[in-house]
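Chains as they are written, first to last, in UniProt numbering: chain A, 1 to 300; chain B, 1 to 537; chain C, 1 to 323.
These are calculated hints, taken from the structure and not from any lab test.
Accuracy of the hints is not assured; some may be wrong.
[To be verified] Examples of chain C residues toward chain B, derived with CB under 10 Å:
#	residue
1	Tyr2
2	Gln3
3	Gly32
4	Leu37
5	Leu100
6	Gln103
7	Ile160
8	Thr161
9	Val165
10	Pro169
11	Pro172
12	Pro173
13	Ile174
14	Lys175
15	Phe270
16	Val280
[Stated by the list, open to error] To give a feel for the contact side, a few chain A residues facing chain C, derived at Cβ under 7 Å:
#	residue
17	Leu35
18	Val42
19	Glu76
20	Ile138
21	Leu149
22	Ala153
23	Ala233
24	Tyr237
We put the beta carbon where it would ideally sit given N, CA and C, even for glycine.
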Amino acid sequence: MTIATDLGTKVELTDERKAPSRLSAIGRFARRNPLGAAGGAVIIVMVLVAMFADFIAPYNPVANAFDRMHEPPSLENWLGTDQYGRDVFSRIVYGARTALLVGFASSFVGATFGLVLGVASAYFSGKIDLILQRIIDIFMAFPLIIMALAVIAIFGTGAQNVIIAITIPFIPRCARVVRSSALAIRELPYIDAARANGFSHTRIILRHMIPNVMAPFLIMITAFVGQAILLEASLSYLGLGVQEPTPAWGLMLQGGAEEYAESAPWIAIFPGIAISLAVFGFSLFGDALRDEFDPRLRSL
Amino acid sequence: MNLAKYLRAASIIAVGAAVAIGFSGAPGQAAPKKGGILNFVVPDEPPSWDGHRETTFALIHPFAPFYSLLIKVNPENPSSPTDFVCDLCTEMPTPTDGGRTYTFKIKQGVKFHDGTPLTAQDVVASYKKIIFPPEGTTSARVAYFVMVDSVSAPDDHTVVFKLKYPSGAFIPALATPYNFIYSKAKLDQDIRWYEKNVMGSGPFKFAGREAGASVRGERNNDYHVPGQPYLDGFEAIFSNKQAVRVQAIRGDRAAIEFRGFPPKSRDDLVEALGGDITVQESDWNCVLLFTPNHKKKPFDDVRVRRALTLAVDRWDGSKSLSRIAIVKAVGGVVFPGHPLAATKAELEQIPGFWPDINKSRAEAKRLLQEAGVSDLTFVLSNRAVDQPYTIVGTWLIDQWRQIGVTVEQKMEPTGPFYARLRSQDFDVTMDFNCQSVVNPLLDIGKFLSTDIGNESYGGYTDRDLDKIFEAMNRAPEEAEQRKLMRQFEKRVLDEQAHSFVTLWWNRIIPHRSYVKGWKISPSHYLNQDLANVWLDK
Amino acid sequence: MYQYILKRLLLMIPTLLGAALLVFLLLRLVPGDVCVLRMAGGAGYVDPKAIDLCHAELGLDRSYVVQFLDFIWGFVRFDFGKSMWTGRPIVEEVALRFELSLQIAIMATLTAIMLAIPLGTISAVKQNTWIDYVVRAFSIAGIAMPSFWLGVLIILGLLITSKSVFGSPWMPPIKYVPLWVDPLHNLSMTIFPALATGYRYSAVATRMTRSALLEVLREDYVRTARAKGLVQKLIIRRHALGNALLPVVTIIGIEFAFLMGGLVVTEQVFNLNGLGKLFVASVTNHDYTMTQALVMLVAAIFVVTNFVVDIVYAWLDPRIRYK
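Model the full structure from these sequences, guided by the hints.
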């Protein structure tokens, strides 16, 4: 929801068109891009669930209840209980918090570093650009998951370290995309004009370059959130992600998904659906944003 | 020694619709069939192939069938901690010289897989490598043989062990399944040859290895037990995901896994395959502990440490966790059911084992308050292995939550986990004691002072405790040993609150019913040479 | 052109060197030690002297600079040394896994192409109709589902359906046999992970095909063709698709490089003894030499793929060469 509004403002700034009102802008977006709107809706629901988890979740997500192990979905436990007797629905609700925290924190921090590096690389060009590009090449040569694994091996597990592990491989990917957008802007006459006026580098970068690459930046954040949620789940599957008893979707699939997939399928099915739906939502929304504002970023 | 009592506790049971286990060696049993390849799954590949230096069961399962031992646990009665039989010797010796000299006669005509004869010289060379490892080699079991003074071969068919003092721990140590008998010729040529090569005298010959995938063995037709082995060969397939291993048995890609599956997997297999699955269960000589770091505040305060153990409801935990994890028996420092183990009445005297958990938790809260840390928060270091580490850790955290203590779990793969233990960089850590032959006198070496203990990580020095251990190991009478063991237990778990026992493991092996002849033991290290295993297909 | 190729070739060197330095440093930052781990992976007493000896023998007692130079010098001579964990030559350890990973990567890439090109084309041609939406939703679902979850569901599905259809449960083999030894065994093991990964990787390529095609369809020459009255199908097949394929092939090529080392999770689910699994194991075991060799292998595949892509682009578009 926040993104949508943020973007809305941004659109008005970059586009010269006058939007009659924010609400109808959203309406038009939904009509042009029903899939994107569906994605947006999923995101809004997820954010709301995470915000109001304390009110929505009927049970304490970490309290064991060994008298209620492996209960199938019922009126008391809507989505059943897991091997510790914990309520699956409550854990999914609180898990939305973990997912959004990991997703937004890592993609925001990663994209911000990428933005700075990408813009700097494009603006200064020459040697700095060459060196930065080589460094980015080096990082890009590692598959995402391998880089994340290496970082986890160094820092250890836990939510905070998972965020770091996911952030680091995102930086070069974002920097690359931002750089290509920034290169085009750098050639525009008004940057030359600014330079001719003797403005400092910092001022030109902050005031003129960065605002103009906001579109790819925001699109990338959205697209990365989904990827980050997935990566977190994969790390959890390998036992290297967020740890018990923290409620987290990926973690709920580890152990539970495999051992009980058949005899207590609700333990495996619902968190899997939650992850898929969330990633689906962010991907659709990211795609729609891209189509809308910056079709050149298709390969992202 | 009251063996019957012990055997009852470690009884083998068949579960569900599974066929009753019929291979207890009772008369009237069908004769073993020859032939066939046994496929089994193993979670990991061992780092080297040298049994003398490795400590992982991942070495035993694929490689034990290639070697003979001097003595081994009785394959027909592997649950007994005292029933040992000869493998390469001709008869179990009676000690002479006041229990200080053991003389073994070695079987004649035994051949290594390369055709060279196996003599007493080979046995001596192997044990010298284990007990007195020469410079440049590693032996994982030097500490098991502290009582040994010398080992020698007066002739080609006699091996003599001389001990510094009589010790009841010697024979069990000798039967440790890692004590492979190597060829002296190979060891002379390169003392580390066996790290990367296989050449033994066991029932199977090494037939190849695919990196990370499998190890294969084929029948040794010159095996020193006539008629054995029954199998044409075996293939050990590596698979590190437990779910895959369970599915492999279900889809008959493998017939058995020798470590142990959780109860739910057992139930699923029985449910899906009915009579095609046979289940064997046993108490397991492994236990999860949790150890506070005595060098770190506030765990230097014995009241805080006691509060941690008082919060844990082991009796209820046993009931609940035994449904989802490979743990079951409530016990003290000694393997439950062993004559030296505490009885239930004795256990109930120890904090954390009280029958009334509410009283126990109230006392825990009182102690925390008294120590001024009623809102204690800490990190529990744990090993990133699902069964049973994660599950027991998660359970403990919930137990502590109930006395108002907030705990975060930090899981790490084996490597970093060990690094942390050794550098004592933790608040409270999950810890474990896992041994092969049930030998409580040595097994409890785990709890000794950090400087002399066998992997004791709590960071404490308690010379009085060490003294009880010494006395116990030299005590000739079981009654005396038992008395000292109670003192030892009380000191570790209660008075000094050094380190705490959670629940003992429970070994569950659901396997394809056509696998015959293999019997479960209280250790996944024992009874794995596969000589008497056969397939009823 | 030759100059351009030479320049690109030289640019590979700093990238590979940088990757080498990066992995070298990262590994040394990981707390823990291969010697401690190798000797005390279970329980048991470890002699500190033995650990020192182990360090000396593996060359871990040398300074980092010497260790690094040794690693680079070995790499230059294609001598990867021995695994610190198993003590066996790395080439021997990697060979079998490489074969498997390569096979899965090829099969998954083929699956991705076979899915992506027709789906992407339909989606572009029927832009903004329900067909377009369904295709896009289908392909995005591929990325949205966690791969291990999909894998677990596939295996469970196989076990359950085979049990109800044939009476006994069937699952894919858990041990790899090369294609030429036993094709049936091999394929019944590799097909499911290849399909699962291929589906997953087709999502990006589908999107790429769609947008590339949409762009081309707006180009003048397509409009001309349409104006000439050519049938839509013919236009797409003869004019548009060919031109739109280049970026699609590029993205598939780059993903292929990642498939070689990045199937960490899928390999776990299907018990594939591939490079990803080996990578996880060697990181957990602190097997420096093995991890370094694997990372360099994956980085080299990646760099070479990029190089080929660049050359192909330059060959097709002369402007790039002179930039």
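For each hint, the structure was consulted:
{"no.": "1", "hint": "Tyr2", "result": "41 Å, violated"}
{"no.": "2", "hint": "Gln3", "result": "43 Å, violated"}
{"no.": "3", "hint": "Gly32", "result": "4 Å, holds"}
{"no.": "4", "hint": "Leu37", "result": "5 Å, holds"}
{"no.": "5", "hint": "Leu100", "result": "9 Å, holds"}
{"no.": "6", "hint": "Gln103", "result": "14 Å, violated"}
{"no.": "7", "hint": "Ile160", "result": "9 Å, holds"}
{"no.": "8", "hint": "Thr161", "result": "12 Å, violated"}
{"no.": "9", "hint": "Val165", "result": "14 Å, violated"}
{"no.": "10", "hint": "Pro169", "result": "5 Å, holds"}
{"no.": "11", "hint": "Pro172", "result": "8 Å, holds"}
{"no.": "12", "hint": "Pro173", "result": "6 Å, holds"}
{"no.": "13", "hint": "Ile174", "result": "5 Å, holds"}
{"no.": "14", "hint": "Lys175", "result": "5 Å, holds"}
{"no.": "15", "hint": "Phe270", "result": "8 Å, holds"}
{"no.": "16", "hint": "Val280", "result": "9 Å, holds"}
{"no.": "17", "hint": "Leu35", "result": "6 Å, holds"}
{"no.": "18", "hint": "Val42", "result": "10 Å, violated"}
{"no.": "19", "hint": "Glu76", "result": "26 Å, violated"}
{"no.": "20", "hint": "Ile138", "result": "4 Å, holds"}
{"no.": "21", "hint": "Leu149", "result": "6 Å, holds"}
{"no.": "22", "hint": "Ala153", "result": "5 Å, holds"}
{"no.": "23", "hint": "Ala233", "result": "5 Å, holds"}
{"no.": "24", "hint": "Tyr237", "result": "5 Å, holds"}
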